[in-house]
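Please construct the entire structure, taking both the sequences and the accompanying hints into account.
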Amino acid sequence: MRGDRGVREQSPLGDCLTLVVPFVSVTTEPSARRKRTGADTAFYVLLATSTALLLTTIYWVFVVAPIEARMGIVQKIFYFHVPAAYSMYIGAAACFFGSIGYLLKPTDGRDALARAGAELSIVMGAMVMVTGPLWAAKAWGYFWTWDPRLTTAMLSWLIYVAYSVLRSFAGDGQGERKFAAALGILGAANLPIIHYSVQKWGGQHPTVVTGKGGGLAHVDMKIAFYLGMIAFTVFAITLLYARVRLELARSRLARAEDDAIDLGLDDRTET
Amino acid sequence: MIYVAFSRDIQPSAPPTRPTSSADDRATEFKAIEGSPTESYSGAKLMVGAYAAIWALLMLWILLLWTKQSHLTERLDGLERAIDRAAANAAKKAKAAKPAGRLVESADPKERPAAAPSEPEKAG
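Chains as they are written, first to last, in the numbering used here: chain V, 1 to 271; chain E, 1001 to 1124.
Calculated directly from the structure, the hints in this document are not laboratory data. Don't take every hint at face value.
Computed from the model, here is a short list of chain E residues facing chain V with C-beta under 7 Å [stated by the list, open to error]:
| id | residue |
| --- | --- |
| 1 | Ala1050 |
| 2 | Leu1057 |
| 3 | Arg1075 |
| 4 | Ile1083 |
Just so you have them, the derived chain V footprint on chain E, three or more residues with Cβ under 8 Å [as the list claims (entries may be wrong)]:
| id | segment |
| --- | --- |
| 5 | 1025-1031 |
| 6 | 1040-1047 |
Have a look at the derived ranges for each label pair, beta carbon to beta carbon [what the hints assert, rightly or not]:
| id | chain 1 | residue 1 | chain 2 | residue 2 | range |
| --- | --- | --- | --- | --- | --- |
| 7 | E | Ala1056 | V | Val45 | 25 to 31 Å |
| 8 | V | Thr37 | E | Lys1092 | 34 to 40 Å |
| 9 | E | Leu1063 | V | Val45 | 39 to 45 Å |
| 10 | E | Lys1093 | V | Thr41 | 51 to 57 Å |
| 11 | E | Ile1062 | V | Phe143 | 54 to 60 Å |
| 12 | E | Thr1067 | V | Gly264 | 27 to 33 Å |
Quick caveat: nothing in here was measured; it's all calculated off a predicted structure. Even glycine gets a Cβ: it sits at the ideal position worked out from N, Cα and C.
Take a look at the structure:
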C-alpha cells in the first residue's frame, strides 16, 4: 500500500491524475509526451564515453601492450581482472552509501542506489571470480586455493548475492528494505579486509600495483592498465546509472498501481 | 650397373627383434608429487576463456535487465488498461446522467415554455 516503501522521489500519481481526471485527455500517451531530459543526455554521454574507452583498452591490451616475459599471453587477463575488482568496489560503495542513506531517511532513490550497487558488485565480482582462477591456472598451476584474498573476495561476493536474493524473494516492504540495507552495510565492511588481507595474512595473491618491488615494467603495460581502470570506472558508473533509473521506474510504477487501486481506478488485486 | 646401384641401396630388412627384457625389468613405480600439483595450461586458451566469460557475464546481465524492463512494460500496460476501463466507466455514467440533467434544466422558470393560461386568467 501507499507509504509502505518510504518517501517517494516524485509523485507518480500526478501523471496518472492528469490522464484520468480530464477524461478528454485519456488517450494522451505518456511516451509521446515525454521529452528528453538532462538525465537522458548524461546517460548517452556516459554510454558513448565508456564504449570508446573500452574499445581503446581492448586495442591497447591486445595490440600495443607487450607480452609478459615469464607468464606469457595469459598476463593480459590482469588488465581486466583488476579493473573488474575495482568496479566491484564501486558497486559495493554505492550499495553502502545507499543503504546508510536509506536507514537515515528512507527514499526510493537511496534504496535504488543500494540495490543497483549490489547488483553491479555481483556482476563485477563474478568477472573477478572467473578471470582470477583462469590466470591462476597458469601462474600457480591450479585454479583455486583458500588464499586470504580469494576467500574474503568470495565471501563479499556471496554477501551481495544474498542481498540480491533477499530483495528478489522477500517482498518490497519497508522492513525488508531496512534488513537489506543492514546486509549492504555488512558487505561493505568486508571490503577493507579484502584489500589488506594480502599485507596482513600473506597468501599467494600477488600485489602488483601497490606492493613493493612489483609494478608494470613497460610503459605500454602501464597505459593498458590505467586505460582499463578508467574504462571500467566509467562503464561501472554507466551500468549503475541505468540500473538505478530502472529501479526508480519500478518503484514509481508500483506506487502508481497502489494509488490506482486505492482510487478505485484499477480493479485488479494488489500483488 | 643400375642393378648394382639398387642392390647397394636395398638392404635386406633385419628380422624383428623380440623383447628380451623380462616383466621385472619393466616394473614401474608411480610416485606422488611433493606439494601442490602443478599442471601446464595453454595461456592463450585461458585468456580467451577469461574474456569470453567477461562478455558472457555482461550479456547475461543485460538480458536480465531487459527481462526486468519487459516486466515493467507489462505492468505499465496493465495499469493503462485499468485507467482506460475506469475512464470508459466514468464516461458511461456521465452519459447516463445527462438526460436527468436536461430535465433539471427544463425546470428553470426562465427557459420554461409558455404555459397554457389558467382558468382565472381565461375568465379575466
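Against the structure, the hints:
Restraint check, Ala1050 (chain E) versus chain V: the minimum CB separation of about 4 Å is within 7 Å; hint holds. Because the beta carbon of Leu1057 (chain E) sits about 5 Å from the nearest beta carbon in chain V, less than 7 Å, this interface hint is met. The restraint placing Arg1075 (chain E) at the interface with chain V holds, with a minimum CB-CB distance near 6 Å, inside the 7 Å limit. Among the interface hints, the one on Ile1083 (chain E) holds; its C-beta lies about 6 Å from the nearest C-beta in chain V, closer than the 7 Å criterion.
As drawn, the segment 1025-1031 of chain E meets chain V at 0 residues by the rule of a beta-carbon pair under 8 Å; below three, the given contact is violated. With a threshold of 8 Å between beta carbons, the proposed coverage of the segment 1040-1047 of chain E by chain V holds, since 6 of its residues qualify and at least three are required. Checked against the hint of 25 to 31 Å, the pair Ala1056 (chain E) and Val45 (chain V) passes, with Cβ atoms roughly 27 Å apart. Between Thr37 (chain V) and Lys1092 (chain E) the CB atoms are about 37 Å apart, so this pair conforms to the stated range of 34 to 40 Å.
A hinted range of 39 to 45 Å for the beta carbons of Leu1063 (chain E) and Val45 (chain V) is inconsistent with their spacing of about 25 Å. Under the hint 51 to 57 Å, the C-beta atoms of Lys1093 (chain E) and Thr41 (chain V), about 44 Å apart, miss the expected range. Between Ile1062 (chain E) and Phe143 (chain V) the CB atoms are about 27 Å apart, so this pair departs from the stated range of 54 to 60 Å. Take Thr1067 (chain E) and Gly264 (chain V): their Cβ atoms lie about 31 Å apart, and the range 27 to 33 Å holds.
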